[in-house]
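Turn these sequences into a full structure, and let the hints guide you.
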Amino acid sequence: GAVVSQHPSRVICKSGTSVKIECRSLDFQATTMFWYRQFPKQSLMLMATSNEGSKATYEQGVEKDKFLINHASLTLSTLTVTSAHPEDSSFYICSAPDKRFEQYFGPGTRLTVT
Amino acid sequence: AQSVAQPEDQVNVAEGNPLTVKCTYSVSGNPYLFWYVQYPNRGLQFLLKYITGDNLVKGSYGFEAEFNKSQTSFHLKKPSALVSDSALYFCAVGTDKLIFGTGTRLQVFP
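Chains as they are written, first to last, in our numbering: chain A, 1 to 114; chain B, 1 to 110.
No wet-lab data here; the hints were simulated from the structure. Hints may be right or wrong, so weigh each one.
[Stated by the list, open to error] Distance windows between CB atoms, simulated:
#1 B:V27 x A:C13: 36 to 42 Å
#2 B:A5 x A:P8: 43 to 49 Å
#3 A:E102 x B:Q10: 46 to 52 Å
#4 B:Y61 x A:S18: 23 to 29 Å
#5 B:N55 x A:Q29: 29 to 35 Å
#6 B:E15 x A:E102: 25 to 31 Å
#7 A:N70 x B:P18: 30 to 36 Å
#8 A:R100 x B:A14: 30 to 36 Å
Cβ atoms here follow ideal geometry from the backbone N, Cα and C, with glycine treated the same way.
See below:
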């Protein structure tokens, strides 16, 4: 099946710094990708829709200036957490859909802000 | 607005017994329903989906789900549970972007 990768798998950063997370579709092209956030023992919350060649669409309550999304190619979307704070610590997951409405999820990135 | 509910935080079942993980949905129009499984330190994996057609949907690893329009349910089932089925299961609704339920942890005991 289709594969989506994320890099890095884990990152620890200091408060106030920025962190970039990459999401790649390895064997298919994705004009749209999705970014989710998952807190411990909780469900996935959709943060934003990443659109190739255009601006991302953010869900209500998600700060677009804090979570910068860039979808520069058909196989790569990046999420940059700017000026990270401890409350941004979470598990970030990306996904890309295929034409059959099946989503392929990346393995996730564990962000810890100290 | 679309939503799904998973009323059970955890389901415990003995190996070899049938299992059911419950999901109810609320959508306007025809629902696109999905089940995903999450193993520790791994990404979500697609199990099965209902878009149209037969109400009984068969998916990966021997799982199946029954779409019940009158009860607005889409329960996940398996006739005989395996210890390796122990994981976190999510019901979801949507076409492209997905709205997830809160998840149900399935624990299969040997």
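For each hint, the structure was consulted:
Under the hint 36 to 42 Å, the C-beta atoms of V27 (chain B) and C13 (chain A), about 39 Å apart, fit the expected range. Range check, A5 (chain B) to P8 (chain A): about 34 Å between beta-carbon atoms, so the 43 to 49 Å window is missed. For E102 (chain A) paired with Q10 (chain B), a C-beta distance near 27 Å fails the hint of 46 to 52 Å. The given range of 23 to 29 Å is broken by Y61 (chain B) and S18 (chain A), whose C-beta atoms sit roughly 40 Å from each other.
The given range of 29 to 35 Å is respected by N55 (chain B) and Q29 (chain A), whose C-beta atoms sit roughly 34 Å from each other. For the pair E15 (chain B) and E102 (chain A), the supplied restraint of 25 to 31 Å holds, since their beta-carbon distance comes to about 29 Å. Look at N70 (chain A) against P18 (chain B): about 47 Å separates their beta carbons, and that is not inside 30 to 36 Å. For the hinted restraint 30 to 36 Å between R100 (chain A) and A14 (chain B), the CB-CB distance of approximately 35 Å keeps it satisfied.
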